[in-house]
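All chains, please: the whole structure from these sequences, using the hints.
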Amino acid sequence: MTELQAERARERTIESSAVPRIETRSKRLRYIDVLIAVAAFALLAALPFLFSSKALIDFVIRCAAFGLFATSLNLLVGYTGMISFGHGMFFGLGAYGFGLIMQRTGVPIPVAFIGTLLITTLVAAVIGAICVRLKEIYFAFVTLAFQMLIHSTIVSWTSLTGGDQGLRGGIPRPVFLGIDLSNQMHLYIASCTLLVSGLLLMRQIAQSPFGYTLRMIRDNASRASFIGIDVWRAKLTIFVLAALFASTGGIIMSLFVSGAYPEFAYWTISGEGIFINMLGGVTTFLGPMVGTVLLLILNDTVTRLTEYYGIVLGIVILFFAIGLRKGLMDFMVEWCEQRRDGAKERA
Amino acid sequence: MDIDALTGCLASSACLVTQTTSGFIIGMLLFLVAVGLTLIFGVLQVVNFSHGAFYMFGAYFAMTAYQVTGSFALAMFCGAAGTAILGLVFERVFMSRVYGGDVLMQLLVCYAFVLIFDDLVRLVWGPEFRSMGMPSAFQVPPLFIAGGVVPPYYLLLIGVALAVAAILGVGLARTKIGKVIRAAAHNPGMVSALGINTGLIYGGVFALGGMLAGLAGALAAPVRSLTPGMGFSVLIESFIVTVIGGMGSIFGALIGALLIGMIRSYGSLGFPLFTDGMMYLFMVIVLVARPTGLFGKEVA
Amino acid sequence: MTETSRPGVSRRSTLALMGAGAMTFATPWVARAQAKTIKIGMPTILSGRVAQLGTSSRNGVMIEVDKINAAGGLAGRQIEMVIRDSKGAPQEAARVARELVNTDGCELLLDAEASSGAFAVHEVARDLGVFCIHTNSETSSLTADPKQHIPNAFRTARQGVHDSIVGGGYAAAIAKVKGLKKWATCSPDYAYGRDTTGEFVYYLKQFAPDVEIVSDAWPKLFQPDYTEVVTKILQAKPQALYSALWGGDLTSYIDQANIYALFSQMEVFAVNMADYTALTVVKNLPKGIHSGNRYIKTYPATAENAAWGDAYKAKYSEYPTNWSWENATAVMLIAEASRKANSADGKKLADAMRGLTIKSPFGADGTVTMRAEDQTLIGYAIGWGTTIPNEPYVPEVKSGDWKQILALEAEWKKTKGYT
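Chains as they are written, first to last, in my numbering: chain W, -14 to 332; chain P, 151 to 450; chain Z, 177 to 595.
Calculated from the structure, these hints are not laboratory results. Any given hint could turn out to be false.
In silico contact screen, one side only, chain Z against chain W (beta carbon under 8 angstroms); selected entries [what the hints assert, rightly or not]:
id	residue
1	Arg271
2	Glu275
3	Phe295
4	Arg302
5	Tyr366
Under the rule of at most 20 angstroms between Cα atoms (straight-line distance), these lysine to aspartate or glutamate pairs were calculated in the DMTMM-like manner [claimed, not checked]:
id	chain 1	residue 1	chain 2	residue 2
6	Z	Lys413	P	Asp154
7	Z	Lys413	Z	Glu388
8	Z	Lys215	Z	Glu512
9	Z	Lys463	Z	Glu443
10	Z	Lys463	Z	Glu567
11	W	Lys120	P	Asp252
12	Z	Lys589	Z	Asp321
13	Z	Lys524	Z	Glu549
14	Z	Lys579	Z	Asp541
15	W	Lys120	W	Asp204
16	Z	Lys396	P	Asp152
17	Z	Lys212	Z	Asp521
18	Z	Lys535	Z	Asp577
19	W	Lys39	Z	Glu283
20	Z	Lys215	Z	Asp280
21	W	Lys39	Z	Asp280
22	Z	Lys592	Z	Asp321
23	W	Lys39	Z	Asp303
24	Z	Lys413	P	Asp152
25	Z	Lys491	Z	Asp242
26	Z	Lys579	Z	Glu549
Every residue, glycine too, gets a C-beta built ideally from N, C-alpha and C.
Here it is as structure tokens:
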């Protein structure tokens, strides 16, 4: 738990009072997070002016979609120890929900957005209530089963979802508040906004007392319940929250491709989420973001060069799983720690 | 949804017999494919996500051997032996490194190999689908047994499946080596303290599981087209069967497979467009009511 | 000081990795199209179960592109094909299509995607306004539905509804002669399977009104075990069976139906049987399966068609598939359109393509036409016949009548509300 240690160390130097206080978060750290978020957003917003490349815009939009998805998965996997194999169902639900609302009703985009999140909350609450009391691998199995069930339903319910061909005809994008999402630049700024604010919110969740409750549950659920924590309620809450962010990722993707396809709810999306978390590392908050960028770069580069993408991806996975045994961010953080310790030792 | 067809069938004895027979056949074929997966989980506590890849290799090895030699028996042997060796090597070199780790690492290592194996097969045998063809010995009309239609080739498959179930069930429970394997699953430290090479046991069991998958692939090759990536659909099916029956239980896999066979058989009458969904729904219900499956044991 | 040995990668190699990564990341933005060549982008499926779709599409395109380049190119510009794998995922197809146009400087798109991938690329074409020809998607609604219509998208693939009209007529004739009143269907449970089968049944009943469907089976795409499907059909005791299964599924189904002796109990009409891959791969092909034509070297029975098939086989060591001729036709149309417009500009090509008729070895009467009204291909050779297990595989083909096809298609569009 490098982050916890690092933070405790920071807090000790900030609070030089002799009385040890149990404080998990100081206002100053929260402002730092907001500052980082604003700076990141400014950087992202400036990118199109620095590099006039449409591919970069597309890349960042896809990073936003998958980044939100993967970071939300890490809330479950890394912070709570709930390994979900079916998280992709919320990505698909977001895409289809938003797409259907926009195609079938004439509501403005923000209303459709809220509506999709409400639907996701409902579905996640029901599914979560059933799933979260299962432990470890059985939780993984049942989430996968639910995802495949949802996928099956999407494919069979042709009259509503268009079946295996997906929602066709494009997603209508009426202008709202002067924002026209059919303009690629507007979509870019909107995706960046959603990404940065989503990450900021998830960061607050992760660093809040609730977030530390989750860590406690991850480390020893029985001990947590002996202290009086309602483990089931906590797990259900984070399950639903994670689903909401995954759903937002799905909405961004549906806007990017202007449609929704059953592949968005297929287990391969969950698999990609897991890869991303493994590539970037689950012990840091930004690990999944790093993983997203890595996987997308890998995907784009390899498919440009060869049609044997499987062999390359397989070797990369083996390298990280057996060779490094940790994600890239984990590796970087540990490396920095070891340098720091080495410097201290030498001093 | 065609509930009338379903109830109509349940009322007619001829239909009942035919559907149950076909459900039985489907179930036995599923069991043959799934038993290797449950064995590996039962002994090694590892979910072998590359199970489908072994099935695929078994089929391809058998097809090539058949094309070269023209002998069905030799083709089956090549399919089984080839995948046994592959399983042993895979386990000793790669899987043994991720035993202690969490299920995520195991999943990733297996999945990495599925990707690599699929592309390798595509490189060697080409992307188009292939067919082995039915050996002339089995090109005979189907038999009518107790009112149900049974092709002779499927009788062979059912026989092999039952034999495997019997050998594994009795073997693990009664024989000395079965006891050693079960002991190694329960308490490897103790077993190795007794001077038994647990690494060899683990490798052997994985090789056995892989061999069973490869044998299933080889036996299925005469009636199914071969294509890179054919392992995926059987992986999902095997997964459902073993989860429902209980991971680690041979008997559970048998029952689970038969249940799925019946769901598919009767489902094709009652819910022809949602049979898949029914299977997943059933899987959800079993997992929620009894997470370890119908006959599974609690994982330590 | 003790040196702690760290597992994993050393600092130097990590930096090297990051450097390499940054460079490969930067490369796409460096590529620029030159005026001398014209780049045509082609998203397709080169991996996975349907990899053959992409490889045969690519072959069909390249065999024609080489001819064009040898003859001077497209309005004087040499064609450079940029073919990319989308792995069959629609979001990948969309991304690849956008990347081909925005980054790689492709001015035209040949969309060799299937099903949902084609619809995804269609949205990209709508958004970017780039000239696009869909070469593999047989879903009629892609061009028939006015909501999908955009002036810069065309289709050179055959349409399911055309196949069903011809198939229905052919099957009805045989049904009347042999007294086949009870029919069953067995098709893959996805849009192509359901639509094609539904349309076939509709037209069969139009031409032979006393036909009734006694059973229908809908296996999943790529399902390995067809046991319950075969037994369900056998139980209903139909006299004839229609199936839209294709490729490896059709082969598996034939193998499994064979051991149940299904073929001796009913006439089988499999619209996708007469495809060289299926015909050459199936080991125990029963005689007398009726099939529509996919690509057959001997139909149309012209020297041009046979020559094209032989040249393809000589170059790629395999027979052409249905996808091969559809993609080749797209290139042929582009070539002729550029000659007419004396330009390779997308918009001018689109204007020239509408209503264009070209000479084609795949045409029913030696020509094919790109219909202006909905920008889809008509006039291609379409017919049904019985298959035998060896060359020429389909000795006799009964041709469809395009006048009838077009008339019935127009009616069909009215019933779907497309007009």
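Check whether the Cα positions of lysine 592 of chain Z and aspartate 321 of chain Z lie no farther apart than 20 angstroms.
holds, 9 angstroms
Return the status of the interface hint for glutamate 275 of chain Z: holds when the least beta-carbon distance to chain W is below 8 angstroms, violated otherwise.
holds, 6 angstroms
Just to be careful, I want the Cα atoms of lysine 589 of chain Z and aspartate 321 of chain Z compared with a cutoff of 20 angstroms; is the pair within it?
holds, 9 angstroms
Given the proposed pairing of lysine 413 of chain Z with aspartate 152 of chain P, does the C-alpha separation stay at or below 20 angstroms?
Status holds; Cα separation ~19 angstroms.
Does phenylalanine 295 of chain Z meet its interface restraint, that is, does its C-beta lie within less than 8 angstroms of any C-beta in chain W?
Because about 5 angstroms separates phenylalanine 295 of chain Z from the closest Cβ in chain W, which is inside the 8 angstroms limit, the hint holds.
Between lysine 396 of chain Z and aspartate 152 of chain P, does the CA-CA distance stay at or below 20 angstroms?
Holds - the C-alpha atoms of aspartate 152 of chain P and lysine 396 of chain Z are around 18 angstroms apart, at most 20 angstroms.
Against the 20 angstroms threshold, does the CA-CA distance of lysine 120 of chain W and aspartate 252 of chain P hold or violate the hint?
holds, 13 angstroms
Please work out if lysine 579 of chain Z and aspartate 541 of chain Z have their alpha carbons no farther apart than 20 angstroms.
holds, 12 angstroms
Keeping to a limit of 20 angstroms between CA atoms, is the pair of lysine 120 of chain W and aspartate 204 of chain W held or broken?
holds, 13 angstroms
Decide if the proposed pair is consistent with the structure: lysine 413 of chain Z and aspartate 154 of chain P, CA atoms, cutoff 20 angstroms inclusive.
holds, 18 angstroms
Quick one, are lysine 39 of chain W and aspartate 280 of chain Z close enough, alpha carbons at most 20 angstroms?
At roughly 11 angstroms apart (the allowed maximum being 20 angstroms), aspartate 280 of chain Z and lysine 39 of chain W satisfy the hint.
Please verify whether lysine 535 of chain Z and aspartate 577 of chain Z have alpha carbons no more than 20 angstroms apart.
Holds. Lysine 535 of chain Z to aspartate 577 of chain Z sits at ~19 angstroms (cutoff 20 angstroms).
Of the numbered hints given earlier, the model fails none.
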